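This is what each chain is made of:
There are 2 protein chains.
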Amino acid sequence: MKNPIEPKILPGFMELLPKDQIVFNQIKNTIQNVYEAFGYLPLDTPVIEYANVLLAKAGGETEKQIYRFTKGENDLALRFDLTVPLARYVASHRNELIFPFKRYQIGKVFRGERPQHGRYREFYQCDIDVIGQETLSLAYDAEMPLIIYQIFQKLGFGKFTIHLNNRKILNGFFESLNLEGQITDILRIIDKLDKIGSNAVIEELQKIGIAQKQIETIIGFITTKGTNAEILTKLKDMAISNNLFNLGIEELTTVLNYLESANIVEEYYHIDLTIARGLDYYTGTVYETIIDDHRDLGSVCSGGRYENLTSYYSNETLPGVGISIGLTRLFAKLKEVNLLPNFKNNLTECLLIPLDAAQIPYATQTANALRDANISTDIYYQDKKIAQKIKFADRSGIPYVILIGEDEQNTGTLTIKDMLNSTQETVDIQKCIKIIKGE
Amino acid sequence: MKNPIEPKILPGFMELLPKDQIVFNQIKNTIQNVYEAFGYLPLDTPVIEYANVLLAKAGGETEKQIYRFTKGENDLALRFDLTVPLARYVASHRNELIFPFKRYQIGKVFRGERPQHGRYREFYQCDIDVIGQETLSLAYDAEMPLIIYQIFQKLGFGKFTIHLNNRKILNGFFESLNLEGQITDILRIIDKLDKIGSNAVIEELQKIGIAQKQIETIIGFITTKGTNAEILTKLKDMAISNNLFNLGIEELTTVLNYLESANIVEEYYHIDLTIARGLDYYTGTVYETIIDDHRDLGSVCSGGRYENLTSYYSNETLPGVGISIGLTRLFAKLKEVNLLPNFKNNLTECLLIPLDAAQIPYATQTANALRDANISTDIYYQDKKIAQKIKFADRSGIPYVILIGEDEQNTGTLTIKDMLNSTQETVDIQKCIKIIKGE
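If you're matching them up, the sequences are chains A and B in order. Quick note: the first sequence uses this note's numbering, first residue 1, plus one each step. Quick note: the second sequence uses this note's numbering, first residue 1, plus one each step.
In case anyone wonders, no lab produced these hints; they're calculated from the structure. Don't take each hint at face value.
You can't tell identical chains apart in this list, so a pair holds if it fits in one copy or across any two.
Stated by the list, open to error - Lysine-lysine pairs mimicking PhoX-like chemistry, simulated, CA-CA at most 25 Å apart: (1) K57 to K434; (2) K57 to K8; (3) K71 to K57; (4) K225 to K28; (5) K437 to K159; (6) K344 to K417; (7) K28 to K384.
Here the structure is a predicted model, which is why all the values come from computation and not from measurement.
For reference, chain A alone in the conformation it holds in the complex (with noise of 0.2 Å):
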């Protein structure tokens, strides 16, 4: 016999068993009906695209990491995200689409960097951006937290935060201190105070050449603490004559009045004046999701609303705003701080046992019964002894068994073994949907 190939698979590439995919499954699943309940359009774009297009506006790090290659003549990736998909493909449908155009996108991709501890070079982005022409109101950038709330109430992981912020802000509040120049770097290192604290954020502030005194007034502000009401009062009242700042307490102050007013408890919102998603890329409102008990999660959704979508591919001003869930990456951290015992990991609910070959019609008559009134029903053909059917179903958390021999088949019968409380009935096919049912 020849030797086998050893069948692994790369590091940085989650694959789960059965169980843990059901789960999986439900998270996905649970994001998709919020994004669908809130008017998102389903999208699924190549996983493949042309090299030139994917990389139209990527910098150093994402060149790097992304995968690519050639094949015939065409020099080809595979996409690192989806909101560049999103871009190409609204310049290039841009006269077939409905504007505000809502879509969701839930999908791989791919980042062939070094895997570390809970990164992935292969995992799920769950995506809905709204993509307005010319304008966008900042009604759709309080639809965001609307939707970050919705999810993650039902998805039960405990208490969570929603930080909020406004790039405008920000960039206004650095401008007034003429460090305009400096913006991006100082962003990138204010947005890690949650990580390294503030004295490594100082230390990082001055390698970069900030005076002591700016120093300090950039600490002051972004450690502003307050409810939301009494942060925007501290903001104003800092009597900043910068009209990007203005503007940004502005727009922040409209979408926080337009949340107070929806269905949403205060507890889970809240202005973080550190939060500047890094990027270049967002202009206004920029949102992060903490779960309140598992800081060191970081952010399990974030995103923010930028200018122009499609600047690379088109001269129009496409504005958008939207939010994304690392789901792999989320998955895997909730498994390992045991956030995930309350989905079940089953999807089957009955399991049919003919006790010989000869009830295997009457065993696939029932099914087919079974799975009319919407029960998910799988048979045991393999001819093994009873006790080792019993124990597919108890290995494979599926809750009914239905026991079906000479007896049964005789009288039209079945055998329902409740296998958490081990109890047993021989009833008709109606009282068997009924308990299944819980009826």
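Fit chain B to the known structure of chain A by using the hints.
Chain B in isolation, oriented as in the chain A frame:
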């Protein structure tokens, strides 16, 4: 302004507009729901794998088609089907899986072939397989047509026929003619009977050196006509003393007996001795599915029984049986012949239109209530004329619009407009929910 990059995708890649995507997803969900109803468990293997693992058994054609590339030191490839990843998965996780192992996987696969009409380089496969340890009951072979029957009944593309054969019958028949050395070539030619006709098949058989008398016997055999029972009788009456042939007849008889006792009308399945499914892979029952009025679409669901899933990765014997639906191609073809009109192409059931920004809070609260009642609800927040707002609903195919002006806000009412009948009435939220739900 810089020159934009053309936002195009590669030929041979499918990308749909939202309305088509919604239909596509309904078909995908229908397939998935039936798979789950029969007890198949979800699996989601990586898109990228080690090339040597994926190509363990691949031949020349597959190697040419595969997307293969290096990243760092790794020789990688994109999956070109879902069967090889299943084999690798089962070999890798065999101690953690519960057998018989029933899994479904619905995902994209990649083949870099020259794109022709109706051929895709990236396409969805929807696969199920059931894998046994050492043995696998023939009742699972009968389960496949039951599943195909459920799916295509639910999809409603019109009357279809599941064509059944058994590779042992074919192989045994050719052994009895002392043509076992040429079986692969002969099967490949026979498989084309439906496409190229019997004259061309005769010609091709002559070309590979089959004697005229044997060709007549072959053509006589593969064109055996009659009901399933009649064909089985004719096969038995041939009294060929070949063990494989007779074992094949026995297996096919068993599978047909199981089908007869199940909830499936006989006109939906039929023995077809021309079916070989090309590949060397299959060793028993084989399936193809034809939509009767659209034979030109080819088989829309195919598969079969194989002796050993994991022979390249382990020394265990794991027999299996499975089917696959090539969803991307199927969707494109069905759309082309206009077989998709019965699917709804919108998800959003209701659009709320605040007439003015002042009504946004009331609109958002109303949307929350509708969504709590499981009504997917969009809100048009943009500052546009009322006619444009209604046009958005019309173009989007949203059946109900709820207009919210100052009057509605002051009286806690809603003006609901039925877009199909152009009727409208002012009612409370409970009545709105009833109207939208058709109660």
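Verification of the hints:
Within a single copy, K57 and K434 get their C-alpha atoms no closer than 58 Å, and across copies no closer than 49 Å, so neither meets the 25 Å cut-off. Taking the shortest alpha-carbon separations for K57 and K8, only the inter-copy value of 15 Å comes in at or below 25 Å, while the best intra-copy value is 35 Å. In this assembly of identical chains, the alpha carbons of K71 and K57 lie at most 25 Å apart whether taken from the same copy (23 Å) or from different copies (22 Å). Taking the shortest alpha-carbon separations for K225 and K28, neither the intra-copy value of 35 Å nor the inter-copy value of 49 Å comes in at or below 25 Å.
Within a single copy, K437 and K159 get their C-alpha atoms no closer than 32 Å, and across copies no closer than 33 Å, so neither meets the 25 Å cut-off. For the identical chains of this complex, K344 and K417 are intra-copy neighbours only, at 20 Å inside a copy versus 41 Å across copies, given an alpha-carbon limit of 25 Å. In this homomeric assembly, K28 and K384 never come within 25 Å of each other (Cα to Cα): the closest approach is 37 Å inside a single copy and 35 Å across copies.
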